[in-house]
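In order, the protein sequences belong to chains A and B.
Residue numbers for the first sequence follow this note's numbering, so the first one is 1 and each next one is one higher.
Residue numbers for the second sequence follow this note's numbering, so the first one is 1001 and each next one is one higher.
Hints are computed from structural coordinates only; laboratory data are not their basis.
Any given hint might turn out to be false.
[As the list claims (entries may be wrong)] To give an idea of the chain B side of the interface with chain A (calculated C-beta under 8 Å), a few residues:
1) 1163
2) 1165
3) 1169
4) 1171
5) 1202
6) 1225
7) 1274
8) 1525
9) 1528
10) 1567
11) 1571
Note that CB positions come from ideal geometry on N, CA and C, so glycine has one too.
There are 2 protein chains.
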Amino acid sequence: MNRIPFYNTRISGSFWGERLNVSKNITVDAVYDRFKETKRFEALKCSKEQQDREGWHSHIFWDSDVAKWIEGAAYLLEEKRDERLEAMIDNLVADMCASQKDDGYYNCYYNVYETDSRFTNRMNHELYCLGHLIEAAVAYYHATQKDSLLCLVKKYTDLIIDIFVNKDSAKFVTPGHEEIELALVKLYHATDEKKYLELSRFFIDQKGCNKKDGDHYAKWCTPYYFQDHLPVREQTTAEGHSVRAMYLYCAMADLAKEYGDEELLHACEKLFENVSEKRMYITGGVGSSRIGEAFTVDYDMPNETAYTETCAAIGLALFCRRMYEIKPVGIYADIAEKALYNGSISGVSISGDTFFYENPLTVDLRNHNKNPSTTDKERYPITQRVKVFGCSCCPPNILRFVNSVADFLYTCDENTLYVHQFMNSETSFEGKSVKQITNYPSDGKVTINTSGYKTVAVRIPSWCSNFTASARYTLKDGYAYFSDTSEIDIDFHIKPQFIVSNGIHENSGKAALQYGPIIYCIEGIDNEGDIFSLYADINTDFDVTYNDYFCLPVITCSGYELTPAASLYYAAENRHFNKRKLTFIPYYGMENRGETDMAVWIPLK
Amino acid sequence: MNRIPFYNTRISGSFWGERLNVSKNITVDAVYDRFKETKRFEALKCSKEQQDREGWHSHIFWDSDVAKWIEGAAYLLEEKRDERLEAMIDNLVADMCASQKDDGYYNCYYNVYETDSRFTNRMNHELYCLGHLIEAAVAYYHATQKDSLLCLVKKYTDLIIDIFVNKDSAKFVTPGHEEIELALVKLYHATDEKKYLELSRFFIDQKGCNKKDGDHYAKWCTPYYFQDHLPVREQTTAEGHSVRAMYLYCAMADLAKEYGDEELLHACEKLFENVSEKRMYITGGVGSSRIGEAFTVDYDMPNETAYTETCAAIGLALFCRRMYEIKPVGIYADIAEKALYNGSISGVSISGDTFFYENPLTVDLRNHNKNPSTTDKERYPITQRVKVFGCSCCPPNILRFVNSVADFLYTCDENTLYVHQFMNSETSFEGKSVKQITNYPSDGKVTINTSGYKTVAVRIPSWCSNFTASARYTLKDGYAYFSDTSEIDIDFHIKPQFIVSNGIHENSGKAALQYGPIIYCIEGIDNEGDIFSLYADINTDFDVTYNDYFCLPVITCSGYELTPAASLYYAAENRHFNKRKLTFIPYYGMENRGETDMAVWIPLK
């Protein structure tokens, strides 16, 4: 199956139209400004003299931050070239090119510090940075045909092939942070040079197999952290640093497709199953523990301390997309959709200029700074998005993710168009076209007009128990196949429903509100009193009202409030509940209107 | 009102009779053996040469461990002298006396290390150790009339008066860990020398008032940690290290009584109210955070990471006892009873030889060592009691606590006997007598025979909604006052009931099972499957069966199990519950039969 890349699509109006506008008008400059302020751009000049003079120093992962910003900005140029933006990028690229070593090496840290220590420390992100530079280079080249950065990364990658494959002269064999593996597949497609694809396969094949990597861990981590605990084809559970894991799985899926590697595909399927059925929050967030930013064990999903890094949810969506590019099985697009509307987009404020790294599912403000006895505080995720982090991977990641969100819409083969996601949009691809007219997911009606396709396969989301369509269809693997393709009117009859979880101890007796793909939460700002004394009623009626601020519905319903009691402990039979209104907002919009208590999971009465 | 000290009472049979047997037959030697093995006794010789040669070193709080063991052992001598035990104690005392400095100073750490640094580091427990030595000396002197240790502590305390009060020459003013304040009141009563009581008041009056103490904190803590945040009479919330706090409140209550200090009593009342209504687990455990072993904020009671140190629950019981020695108000004895039967006694195994420092309310084994990615693990309380801790305050504390448990039974004034607790026992005091015949709390029937009292006031526990008595009474402040005192038959009609909590977010939608004063839990060992999928039914009937192992009833009832689902997330309306039996055991007996999942709070269906 073929991907239909995002730049073939114009999204307008509705939820993603608005998110794209904010990304274009606000986020791209907000991230740029912060990166400029924090010297990330100056660092590209690789001047030790300057850094010493000005009293700052470049960091091992700054190249990747810059690269993701370039990639995200480049995506905006696909719709319309922009002199200002291109000048910004061109300056950055020029600085990098000027700092590239004769042998091809480029790294804003190692070009300045520890200059004799290239490829000696597997923790230090050199290959990760190159991976993101490759993605940036490919994106910018595609949008502008400017090839300076592409030339830089090709030359650098050729050096990598020489050192890692030909000479085996690095202190380690596979990257400490996966990313280059998936980027090399993009480089292969951009250049048609198979050596890049083969380098990717080399890294994937060596992972978990090579003793040389065994010595290159920091003391606090184990091989699981890097997904090195087993050869990748033998891995069946999602382990370790969640972003690393997701990027690895993306590359594995890419290579499974490129090489028709069934064993690799099977591993991807098992890993997807483990993530989606046992290790994923209802928001699509993954990686529950702050310690190692890692997966832990099945069903371990603490809400208040959920780590669930924005980048990990993005990574999950990217992995899902690759899986449905291989096989149109609905669950892949279902989970991509879950991550899209919830745990990834929650990482950027509605205003577009501030960011979350962690995306908790409960905010209980009274626990924050709760221990006046010590300076060594219990740690909770921050509750208000900030403009930049020291480790600022998420802001430019959300930029490139939103700007290419149309990537998630379609795949096709010669005769069939697969509609995986629903966004009001127009697409042209290889002389064929498709148009979606919809307010989805504010309501469930989608009109799909196509030309050029014999069959249109439309995903029926797994949350949808009842849909209607204007034409006849056959159902297979979560897709409705239509052969009358001129105009398909489909209605998913989205309605709010309370969802419970299986096996997650912390959620016993609790439910979350879902409306189509959107997960909801309650916040103190909308619900007077102590939100943790509120109870849901699964038999309630709902009031669904479109809200301009969230570009999605706000939902109200009737529920209960447990009346405060005179004693700390009292007989259960003396509980008294007041019926009252509950107001739910989309989870992605949490903590946007000031610091407030928030909960996704509500006890059921 | 007068205390009727424990040594006037002989407890037999029933719950406390058995716990006392175990303490006498097992615990006293178990703790002795471990302390011997860990060099705590050798340390009393204060020989640097020996320690260097043998490769160990004495510790700043070892004196207090030894002192608590002596105190606990001495209590056993009240019933019957015991040559073996006395020889063990006499040897320890001889070593201490031989190591006492000419000016009276004695400390097994500072006599060996940092010998020029006495009273320079408020964190280093010198006065805390002396406090426990005083309690031991008073106990051993009372039981045997042997006064060597009493002479040691008197001479040492006289030095303290000289340094801290007369010369103000120490680097700090009040103890970094409270304990000596309450011990000095005991020393005053044992010697009738008021200077000791006055030293106690000096420390209490200076606390939170003296700038000199402000410089003597470790960097990781704040004045709250030591209850130094305010003058004690202005304190209204329980703050800081919970054992320190409880020992402080004990001393405050003692002094309020001794001096008729209404302001101090009022502060005690406010602090008690804050603890019992906002900062206490249903088990009587206090101090919810491991960080600083501290109180945090109102209603913050995490179950799985509950710190709830054994010593803190003991301290709470001791504070409550002092409060009801001042005023017969039922709630004080209610809370003492809660701590007695649950969060304190849970600190020792049923076999009597192993101990918990922390007493969690949930054990979810799958969370233990759940993160294979890192060596830096999430921390949970241990799940199996151990023979000794590095910081081994709890084992000897539970020893002295159990051995003097009859202290909790009675107070009296000229005409009235106050019956605060219920234990099968006989008491003689000042020519009067009282006998309780009861299986309490296995059932609620108590027969009380007294002679010599005009009035008998019997506490009606606050958990009791319906009691019957054989004679007429008047009710006041939680006590039933009987003037026909020859024989009182009272039945509290104990029945199991589900209890909910007020304001504790973590317990939303959940209940705990209570039977009289006993809090119950469910354990994996008795309840097949995943105990976290079990739900309670508040309308169930209960089967209450006395159990020899726990010396208390085991309770079974019908409840529900949520059937595992095929998906991680699914519609609440599709939940399926199976009716099934639930087996509850007394919380104090948790984690005694191997490592197993455990929960006090169960979701309600």
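Hints and how they fare:
Given the 8 Å rule on beta carbons, the hint for residue 1163 (chain B) is violated: about 28 Å separates it from the nearest Cβ of chain A. For residue 1165 (chain B), the interface hint is violated, the least distance from its beta-carbon to any beta-carbon of chain A being 28 Å, above 8 Å. About 29 Å separates the beta-carbon of residue 1169 (chain B) from the nearest beta-carbon of chain A, more than 8 Å, and the hint is not met. The criterion of a C-beta within 8 Å of any C-beta in chain A is not met by residue 1171 (chain B), whose closest approach is roughly 21 Å, and the hint is violated.
Hint status for residue 1202 (chain B): violated, given a least beta-carbon distance of 24 Å to chain A, over 8 Å. With a least beta-carbon distance of about 4 Å to chain A, the hint placing residue 1225 (chain B) at the interface is held under the 8 Å criterion. Restraint check, residue 1274 (chain B) versus chain A: the minimum CB separation of about 11 Å is more than 8 Å; hint violated. Given the 8 Å rule on beta carbons, the hint for residue 1525 (chain B) is violated: about 17 Å separates it from the nearest Cβ of chain A.
At a threshold of 8 Å, the smallest CB-CB gap from residue 1528 (chain B) to chain A is about 16 Å, leaving the interface hint violated. Interface hint status for residue 1567 (chain B): upheld, as the beta-carbon distance to the closest one in chain A is roughly 6 Å, under 8 Å. Contact between residue 1571 (chain B) and chain A, as hinted, is supported at the beta carbon level, the nearest pair being about 5 Å apart and thus within 8 Å.
Figure legend: structure checked against the earlier numbered hints; hints not met, in rising order: 1, 2, 3, 4, 5, 7, 8 and 9.
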